[in-house]
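Undergrad: One letter stands for each residue in the lines below.
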Amino acid sequence: MVKRKRNGDKAALSATEFIAIKKKHGFLTELSKNRVLFIMLLPAILYFVVFKYLPMAGVYLAFTKFNYIGGIFGSPFVGMNNFRFLYISGALFNITKNTVLYNIAFLITGNIAQIMVAIFISEIPGRYYKKITQSLMFLPYFVSYVLVGFVVYNILNYETGLLNSILRSLGLEPVNMYGNVGAWKYILVLFNIWKGIGYGSVIYLAAIMGIDREMYEAARIDSANIFQQTRYITLPMLKPTFIILLLLQLGNILRGQFELFYQIIGANGTLYKATDIIDTYVFRALVNSFDVGMGTAVGLYQSFFGFVLIMSVNAIVKRVSPDYALF
Amino acid sequence: MRTIKHRYSRTIKIKTEGSTIAFNIIGYMVVFIFALFCLLPFWAILSSSLSSEKSVLRYGASLIPREFSTSAYEFIFKSPRKIMNAYGVSTMVTVSGTLLGLFLISMTAYVLYRKDFKYRNAFAFGFYFTQLFSGGLIPFYILVVQYLQLKNNYLALILPPLMNAWYIILFRNFLNSVPDSLVESAKIDGAGDFRIYAQIILPLSTPGLATVGLFLALGYWNDWYHALLFINTRDMFPLQFLLYEVLRSAEYIAKILSQTGAVISTGNLPTETVKMATAMVVTGPIILLYPIIQKYYVKGLTIGAVKG
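Top to bottom, those sequences are chains Z and D. Every letter in the first sequence is one number past the one before it in this note's numbering, and letter 207, counting from 1, is 207. For this note's numbering, count along the second sequence from 1 and bump the result up by 327.
Derived DSS-like pairs: lysine-lysine, alpha-carbon spacing no greater than 25 Å straight-line:
hint: 1; chain 1: Z; residue 1: Lys33; chain 2: D; residue 2: Lys514
hint: 2; chain 1: D; residue 1: Lys442; chain 2: D; residue 2: Lys514
hint: 3; chain 1: D; residue 1: Lys409; chain 2: D; residue 2: Lys478
hint: 4; chain 1: Z; residue 1: Lys33; chain 2: D; residue 2: Lys445
hint: 5; chain 1: Z; residue 1: Lys131; chain 2: D; residue 2: Lys626
hint: 6; chain 1: D; residue 1: Lys626; chain 2: Z; residue 2: Lys239
hint: 7; chain 1: Z; residue 1: Lys33; chain 2: D; residue 2: Lys442
hint: 8; chain 1: Z; residue 1: Lys131; chain 2: D; residue 2: Lys622
Hints listed in this document are in silico derivations from the structure and should not be mistaken for laboratory results. Treat the numbers as computed from the prediction; the structure is a model and nothing was measured.
Just chain Z, same shape as in the assembly:
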């Protein structure tokens, strides 16, 4: 919009004049003209350089065998060795697989649950019922992941867990979830839905509110029932919101939900094979083994392919339907 406006002003000028003005208006001119704005921007620039851009330079560590004596720039350079080791040992494949599959499962189940709840909330009568249930569904969103981990423990632990105490009171055999590796996939997915349902359904609800009411009126005149209205009006109209959210989540598919996994699984080594994601792996490389080179290599791998992924997803979307593109 700026460009259009500026070009509009300039249209009255001749081409040479335009170039002359453009040349004159260089960085220094701008700096002196908008001095105050630059000063106001300075804290943010400083912050982003220190906390975001400086660590980017630190990815150099991925190509070194880090030791304390050498520090960052004195440690021996080993080229791609760290990556090679991670690749050959199979660690990289396992954590990548887990991260991607979990995120896909989160994405599908989370969005389905959120859309479903949003549609029902928008349609059912009963103002207080809606308000109360909506508030209740928002509760998990506001608590910390420490409490989420505790909630899971409190439901599932063998001795005093809620699940087992219900099973026992019904005269059934208690189950030992913490010894059952296969069950944790579902537990993590379930509690991810649990944490995000309130927030996500609000976003979809806002999108439903934005749908033109006349469409429903018209559909009713054509005697479409509420199921058909949902199927042929609400769902198609939610598509843009869904696609944007999907894109955001797809671009982040290599970024694991560290807090969720760390708090629910914790240091339970028996569950690692099924539940170790890139982020927990990097964290352990830092805290447990202090394997800086290896950990940085995994982090760089994640960041790099995450970047490639989001750029390509965005490029594809830009070609298919530019309105939905992120940038």
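Use these hints to put chain D onto chain Z, whose structure you have.
TA: Leaving out everything else, chain D in the frame of chain Z:
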């Protein structure tokens, strides 16, 4: 919400089709199940925290206390210093981080909003890029610990979550509804750039301030991750990290006791219920406050773009 309400209250009076009734019944049930699923875990913790240790150990968690007892809370409040201290740390970090963050985010967003600022898109991209690519955890850790020397410093809790590109863009989206002409006329009247921000833009952007402020505050209040990384002095633990430590050490104590065969003492040491009560004491304020906060949240989310 009002339009929908209106639509339905009218149509239902005219005629309620069978399919609508079926749809509503399914709707009520699905929503009920989800709401229950969200409430029950907290209810179970509350109920257990108000039970006697013996009954919890014998029968496990239940939805109504089998033997009502407040001994777990008494145990906590006998020496409340640790929790009160953590409340102080969390409050201090949340308040200072949120205020400073809001100031910097709104100021940055304002500069990027100014259409006569030539490099606004270049800077916006410079910020946005950090959302797409990052150096990862370990370089960040080394930066904070080794170069900034912030280990066991409150700044290690305040600075990392202080601002990010997403909040800046979100805030700029809020500002975009403020007409340019307002800035223009203020300039003609001789107001400086900072003064326009402080006296015109800020008062007009309360919805944006509320939304971003809530995001920031919730993030700070629930943060345990940065404490895990950077804080190991007990007195400096924020609330959520203290909870994490209590839960972990309680498990640890229980494990040690059971390994040494000292089963009798677990009955006297209210570990299970104390854990529950600690969780309630730590989370209580959020549970009491969130219905109010949620209203602003929903409003902000509805106004601010999903896309960012």
